[in-house]
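Just so you know, the sequences run in chain order Z and V.
Numbering (the numbering used here) for the first sequence: -8 to 50.
Numbering (the numbering used here) for the second sequence: 7 to 330.
It cannot be assumed that every hint is accurate.
[Said to hold, decoys possible] Each computed DSBU-like pair below joins lysine-lysine, with the alpha-carbon atoms no more than 35 angstroms apart:
1) V:K158 x Z:K34
2) Z:K36 x V:K202
3) V:K38 x Z:K36
4) V:K322 x V:K232
5) Z:K36 x V:K82
6) V:K8 x Z:K39
[Stated by the list, open to error] On the chain Z side, residues computed to face chain V include the following (Cβ under 10 angstroms):
7) T32
8) V33
9) K34
10) P35
11) K36
12) A38
13) K39
14) Y40
15) Y41
16) G42
17) P43
18) S44
19) N45
20) D46
Derived by calculation from the structure, the hints in this document are not laboratory data.
Quick reminder that beta carbons are idealized off the backbone N, C-alpha and C, glycines included.
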Amino acid sequence: MTNKQLNRRTFLKYLNGMLTGAILLPLTRLFQENKTTPNTTVKPKEAKYYGPSNDELAG
Amino acid sequence: MKIIECQLCKRKCNLIEGQRGDCRVRLHLDGKLQTLVYGNPCSVHIDPIEKKPLFHVLPATGAFSIATAGCNMHCKYCQNWQISQRPPEETHNYDLPPDRVVAETLKANCKSIAYTYSDPIIFYEYMYDTAEIAHKHNLLNLMITAGFIEEKPLLDLCPHIDAANVDLKGITEEYYQKMCSSELAPVLHAIETMKKNGVWVELTNLIIPTWNDSEKDIRTLCRWVKDTVGPDVPLHFSRFWPRHLLKNLPPTPVETMELAWNIAKSEGLHYAYVGNVPGHDGNSTFCPNDGKLLIKRIGYQILENHVVDGKCEFCKTEILGIWS
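Pulled out of the complex, with its shape left as it was, chain Z reads as follows:
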């Protein structure tokens, strides 16, 4: 087996890996249906149960 043949084999292995990845990546996305992505946005909404405070300043 020559060095040249080894290189060709290695190249084919890489090519095979890339092709498999290119096919599988879109497929995996198909199975990630509707995954809610985390966010850190805080959206205020009026709360219930509050009123004016009875605390008054002294003095």
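Once you have looked at the hints, place chain V on chain Z.
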């Protein structure tokens, strides 16, 4: 300067403009009190209902469990401090409005929604709206809480909650003040209120070495349960594991857990359980009449179930709970 008072929990925080409550999630903004966590849970999981723990509610079903950041309790041993002691800006939150929580629950084939992990009182509006929609789809609503809430919001909420596990952390005011910066009396009142208003109640007592593990305290707690809410209210003794600010203490010895279990039985409680000790007999339910094994559990797993139509399969004694 306008000051408003939050009237949701017993802390009744007085807030100037721009200030947040003790829970970190309710803010005085533009003259109004605003919740910052509506529709934005930071924890979303499907748990076995036994994990809540609720042992007398739809055994072996899944509970769609949600929580937001923040809490109105500050327990030194908190198991969920990463979310409970944080404002919502410091957690990763999901965009999950009430109708989507219900849709996801149905999709996951869960029978209930659990408002849990942090104390759901602090995301009251989110829990309330979700619970209303959930009932329209025949889902149960489960609240896992410390019960430190004002009476009015609790009374308004009770019709929408089917079952609650209330964390009765100790039985002295001193314990509540030192361990949780809180108070005992309002919690006892909340437990009674829920019970009187048709909520199925189970109680959890975390036993912590040197803090609330004396025979006297455990017996006092059991007597309060029996005399006030009755012997059919399940009481879960939970084994402490070092967490958060209490890493200096050892885990509760199993012998202490067994002592508590035996005290509860000797005081006449029908359903006492030992939690966080997988494989212990105290994980299982026994018939209060004939003593036979009814539901055999190892941790959260159910191996046998002899409760048929809410009754003991052998002697037909009614076993209180929500079984179907």
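How the hints compare with the structure:
1. Restraint check for V:K158 and Z:K34: satisfied, since their Cα atoms lie roughly 26 angstroms apart, inside the 35 angstroms limit.
2. As the CA atoms of Z:K36 and V:K202 are separated by approximately 32 angstroms, the hinted pair is consistent with the 35 angstroms bound.
3. A distance of roughly 10 angstroms separates the Cα atoms of V:K38 and Z:K36; the hinted pair therefore holds under the 35 angstroms criterion.
4. Only pairs whose Cα atoms come within 35 angstroms are accepted, and V:K322 paired with V:K232 is accepted, the gap being roughly 23 angstroms.
5. Under the criterion of a C-alpha separation no larger than 35 angstroms, the hint pairing Z:K36 with V:K82 is consistent with the structure, at around 30 angstroms.
6. Under the criterion of a C-alpha separation no larger than 35 angstroms, the hint pairing V:K8 with Z:K39 is consistent with the structure, at around 18 angstroms.
7. Look at Z:T32: its Cβ gets to within about 7 angstroms of chain V, closer than 10 angstroms, so that hint holds up.
8. Look at Z:V33: its Cβ gets to within about 5 angstroms of chain V, closer than 10 angstroms, so that hint holds up.
9. Interface hint status for Z:K34: upheld, as the beta-carbon distance to the closest one in chain V is roughly 7 angstroms, under 10 angstroms.
10. Contact between Z:P35 and chain V, as hinted, is supported at the beta carbon level, the nearest pair being about 4 angstroms apart and thus within 10 angstroms.
11. With a cut of 10 angstroms, the hint placing Z:K36 at the interface with chain V holds, because the nearest CB-to-CB distance is about 4 angstroms.
12. Taking 10 angstroms as the C-beta cut-off, the interface hint given for Z:A38 holds, the closest approach to chain V being about 4 angstroms.
13. Hint on Z:K39 holds. Least Cβ distance to chain V is approximately 6 angstroms, under the 10 angstroms limit.
14. For Z:Y40, the suggested interface contact is upheld, since its CB lies about 4 angstroms from the closest CB of chain V, less than 10 angstroms.
15. Of the supplied interface hints, the one on Z:Y41 holds, with its beta-carbon coming within about 4 angstroms of a beta-carbon of chain V, less than 10 angstroms.
16. Given hint, Z:G42 at the interface with chain V, holds; its Cβ is 6 angstroms from that chain's nearest Cβ, closer than 10 angstroms.
17. Evaluation of the Z:P43 hint against chain V yields a held restraint, the C-beta minimum of about 6 angstroms falling below 10 angstroms.
18. The interface hint given for Z:S44 is met, as the beta carbon of that residue sits about 4 angstroms from the closest beta carbon of chain V, less than 10 angstroms.
19. Here the hint on Z:N45 is kept, as its CB sits about 7 angstroms from the closest CB of chain V, short of 10 angstroms.
20. A hinted interface residue such as Z:D46 counts as satisfied when its beta carbon comes closer than 10 angstroms to some beta carbon of chain V; here the least separation is about 5 angstroms, so the hint holds.
Checked against the numbered hints above, the structure violates none of them.
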